[in-house]
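Order-wise, the sequence lines are chains W and L. One point on numbering: in this note's numbering, the residue at position 421 of the first sequence is 421, and numbering is uninterrupted. One point on numbering: in this note's numbering, the residue at position 226 of the second sequence is 226, and numbering is uninterrupted.
A couple of the hints might just be wrong.
Unchecked claim - Covered stretches of chain W (in silico footprint by chain L; criterion: 3 or more residues with CB under 8 Å from a CB of chain L, positions within the stretch not fixed):
| # | stretch |
| --- | --- |
| 1 | 211-222 |
| 2 | 291-298 |
| 3 | 301-313 |
| 4 | 355-365 |
| 5 | 387-398 |
By construction, these hints were calculated from the structure, which means they are not laboratory data. Values in this document were obtained by computation on a predicted structure and should not be read as measured data. No residue lacks a Cβ here, since even glycine has one placed at the ideal position from N, Cα and C.
2 protein chains.
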Amino acid sequence: MNNVKEYINQHQQRFIDELIELLKIPSVSADSTYKKEVLRTANEVEKRLLEAGCEQVEICETPGYPIVYGEKIIDPNLPTVLVYGHYDVQPPDPINLWDSPAFEPVIKKTKIHPEGAIFARGACDDKGQMYMHVKALELMTKTNQLPCNIKFMIEGEEEVGSESLGWFLERNQKRLENDVILISDTGMISKDVPSITTGLRGLSYVEVEITGPNRDLHSGLYGGAVANPLNILSKMIASLQDENNKITIPGFYDKVEELTPKERAKMAEAPFDLDDYKDHIKIPDIHGEKGYTTNERNSIRPTLDVNGMWGGYIGEGAKTVLPSKAYAKISMRLVPNQDWKEITELFQKHFESIAPKGVHVKVKPHHGGQAYVTPIDGIEYQAADNAFQETFGKSAIPQRSGGSIPIVSMFEHYLSSKTILMGFGLNTDAIHSPNEHFGIWNYLKGIETIPFFYKHFTELYLKEKN
Amino acid sequence: MNNVKEYINQHQQRFIDELIELLKIPSVSADSTYKKEVLRTANEVEKRLLEAGCEQVEICETPGYPIVYGEKIIDPNLPTVLVYGHYDVQPPDPINLWDSPAFEPVIKKTKIHPEGAIFARGACDDKGQMYMHVKALELMTKTNQLPCNIKFMIEGEEEVGSESLGWFLERNQKRLENDVILISDTGMISKDVPSITTGLRGLSYVEVEITGPNRDLHSGLYGGAVANPLNILSKMIASLQDENNKITIPGFYDKVEELTPKERAKMAEAPFDLDDYKDHIKIPDIHGEKGYTTNERNSIRPTLDVNGMWGGYIGEGAKTVLPSKAYAKISMRLVPNQDWKEITELFQKHFESIAPKGVHVKVKPHHGGQAYVTPIDGIEYQAADNAFQETFGKSAIPQRSGGSIPIVSMFEHYLSSKTILMGFGLNTDAIHSPNEHFGIWNYLKGIETIPFFYKHFTELYLKEKN
Chain W
1 MNNVKEYINQ HQQRFIDELI ELLKIPSVSA DSTYKKEVLR TANEVEKRLL
51 EAGCEQVEIC ETPGYPIVYG EKIIDPNLPT VLVYGHYDVQ PPDPINLWDS
101 PAFEPVIKKT KIHPEGAIFA RGACDDKGQM YMHVKALELM TKTNQLPCNI
151 KFMIEGEEEV GSESLGWFLE RNQKRLENDV ILISDTGMIS KDVPSITTGL
201 RGLSYVEVEI TGPNRDLHSG LYGGAVANPL NILSKMIASL QDENNKITIP
251 GFYDKVEELT PKERAKMAEA PFDLDDYKDH IKIPDIHGEK GYTTNERNSI
301 RPTLDVNGMW GGYIGEGAKT VLPSKAYAKI SMRLVPNQDW KEITELFQKH
351 FESIAPKGVH VKVKPHHGGQ AYVTPIDGIE YQAADNAFQE TFGKSAIPQR
401 SGGSIPIVSM FEHYLSSKTI LMGFGLNTDA IHSPNEHFGI WNYLKGIETI
451 PFFYKHFTEL YLKEKN
Chain L
1 MNNVKEYINQ HQQRFIDELI ELLKIPSVSA DSTYKKEVLR TANEVEKRLL
51 EAGCEQVEIC ETPGYPIVYG EKIIDPNLPT VLVYGHYDVQ PPDPINLWDS
101 PAFEPVIKKT KIHPEGAIFA RGACDDKGQM YMHVKALELM TKTNQLPCNI
151 KFMIEGEEEV GSESLGWFLE RNQKRLENDV ILISDTGMIS KDVPSITTGL
201 RGLSYVEVEI TGPNRDLHSG LYGGAVANPL NILSKMIASL QDENNKITIP
251 GFYDKVEELT PKERAKMAEA PFDLDDYKDH IKIPDIHGEK GYTTNERNSI
301 RPTLDVNGMW GGYIGEGAKT VLPSKAYAKI SMRLVPNQDW KEITELFQKH
351 FESIAPKGVH VKVKPHHGGQ AYVTPIDGIE YQAADNAFQE TFGKSAIPQR
401 SGGSIPIVSM FEHYLSSKTI LMGFGLNTDA IHSPNEHFGI WNYLKGIETI
451 PFFYKHFTEL YLKEKN
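Extracted from the complex, chain W is given alone in its bound form:
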């Protein structure tokens, strides 16, 4: 891969301008008043893929927003990389906390981004990171260095749960055949510490409802003699974790993947400053499962968090009510080998079993997803690591993320291929928050690094094949 830096230097202003134009379109998938703009963005992405060198480009209708598909097939004997990204963005709310309008991109310098960063909704998540791939394709086609086949699948519903993606995958398995899926929709540790997200946690999300008396009662006349759903729910939730913060649901840990001491030692190499961590979110102390570090607790260990809880009188002042009902939304993050449907059933069975006789309990499963791990001994990972070495001069740190991206296990299910999460954003980029931004240095570094992934993946693929 030659002249990569030269091509980028020559075209960087245009690369920035093109992204800025794309960021001006408010493609908010969650709000139907933006429908026209979302559809306009799909058209724009179609045009950009064609310009960058794709030969078959199509706006594919789905039950929801369309998926933009494009491909450039150069030789059926060469491997195929499928790039996934999304052109929709999060709502800009709360609007009044933005320093400049969310859809009027501006470049400003920050402490972390002295070269400037583009401030706009979607700058990092995911228009900016998706567009790195489009410009990397342009670079490779314009310099006649594309080493393999490439397919693009850019959807418009990622921020609302990718509802049509499974429908599309199921109907396009042949067309989407590939040897690896490449996604830039995650982050890296810091500008000088490249990292590859190798693991994602699964999720089981449930809502529980406790019913005591059939109506709110006077807490003076009935208090003490009738089970109070809020006291009961507190007790039930409290009992789900023991004094070491281990989850007490029978069978919960049965299939949990345990890492070897060597793997844990490797994880511990990632730079981490506990004081910075505490200061960043202003907590007096950390908290979690005994026997694990903070980085382990939020990546390789399953968890149980109450995401919302309510019942009784929650207005100003005092009301002496013994409420009829109490509710909680509870989610469990899962790790490889835990099946989310099985865990949901274990939760439901256990939660119903611990309710005292004085109340009724209902457990309503919301949704879930499987955990995912990319093997670090495969050629996909090796190719990504090599690419980082080419452009950062150092090996990437494999990183487990505590979050869940259900589409990754969906890809494995429908397309039987591994996914590489090669992110260039930073934790401080404020995705999903006001003043989202993406460093220009990161944007250009992504465009520079991606072609090397194609090069190394193709080489490793051919070597393995022959």
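Since the structure of chain W is provided, determine the placement of chain L on it from the hints.
Just chain L now, kept in the frame of chain W:
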């Protein structure tokens, strides 16, 4: 006391009509749009007191709604009874659940009230029960049988916490001097089981706030490593009661009045059907402190109830948030000898001490009140019991109520006198709810019974004095 029944029979239609007129005025103290109507009700009460035989009647201004004062002093050597009541009513909401408009009284027969009941907001609480005393005064003056001095103090802020009452008591101690305070603002067990409320529980009401991180976090990225305020608050609340539902706050039970086996046996004589109780509020089972009956749990034992709790995402669907804050409103019902200020301090100290290091905790005391007990060996109680024997043909059952009426201990504080709670309403009268009503039989029975209280109290008072 002669010709009581005759007088009532002769005038009962007018007694009913007058009450209905009073019920037509929407004296809702909680809603300032009704201000004129509240004031109009005070004027109406003033007029009725004059008509019934009071000689000094005055609408006394306070920082809030006025208190209507009236008196009829016949002889300084005779005892004085101070009647307390209130002319304000609860808001009629939810309006759509009323079968007929809240301020258009109608008489309908019910299973419990085959003689008919007046349906209107305030019918029982407290216009109806207060007006029984006005009509009892009329009866005694018109038949020349008033045996003692009588004072009336009818306030207009009972439903909003009697905010001006302490102010008024403090400034009118001389004028309000009395030998007993008589109130009809409670209920009786059933139409054939008269009862006297001899005890009220005290109250300590607090609000707690748990703060973890300084902002809501993504539960995937931070879950498991950062203390979740909702999980923590659940654990803290759960720990406030042990497996026997005893409260675990150190010192909480130190001063609790323990009843003798004899007193408990007397309490147990009150008719109580556990199946009816469970069916009435549709609970699968009762629940409470080990070693006590349902009637004991909600009257002579202190309790701790969560009245409201909230935090995190409480909208539709799912959001994977690790909330920054969690809140709860908690109230404790107290029994005689527990000081509400001391209990509030014990709670605060204990609750702060059990918080784990990963969160900050704030405890904000809301308000409180002392418990109260009327001795059943005093002449006040004896007079009330004798009155019930005259008109019901049986002795009244002394009954502890689980609720709190802070004004009763306030009366004891400012006026140094005992209070007799002689109620004629029924639990099924739906006070504070839609379709509030008051049985005509109960209304007339109250007017019939009250004069006998005056007679017996005067006799016992003079006997004790001489």
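Against the structure, the hints come out as follows:
1. With 10 residues carrying a beta carbon less than 8 Å from a beta carbon of chain L, the stretch 211-222 of chain W meets the three-residue requirement, and the given coverage holds.
2. With 4 residues having a Cβ less than 8 Å from any Cβ of chain L, the stretch 291-298 of chain W passes the three-residue criterion, so the hint holds.
3. With a cut-off of 8 Å between beta carbons, the stretch 301-313 of chain W has 13 residues touching chain L; three or more are needed, and the interface restraint holds.
4. Proximity of the stretch 355-365 of chain W to chain L, defined as three or more residues with a beta carbon under 8 Å from a beta carbon of that chain, is established by the 5 residues found.
5. Requiring three or more residues with a Cβ within less than 8 Å of a Cβ of chain L, the coverage given for the stretch 387-398 of chain W is violated, as only 0 such residues are present.
Checked against the numbered hints above, the structure violates only hint 5.
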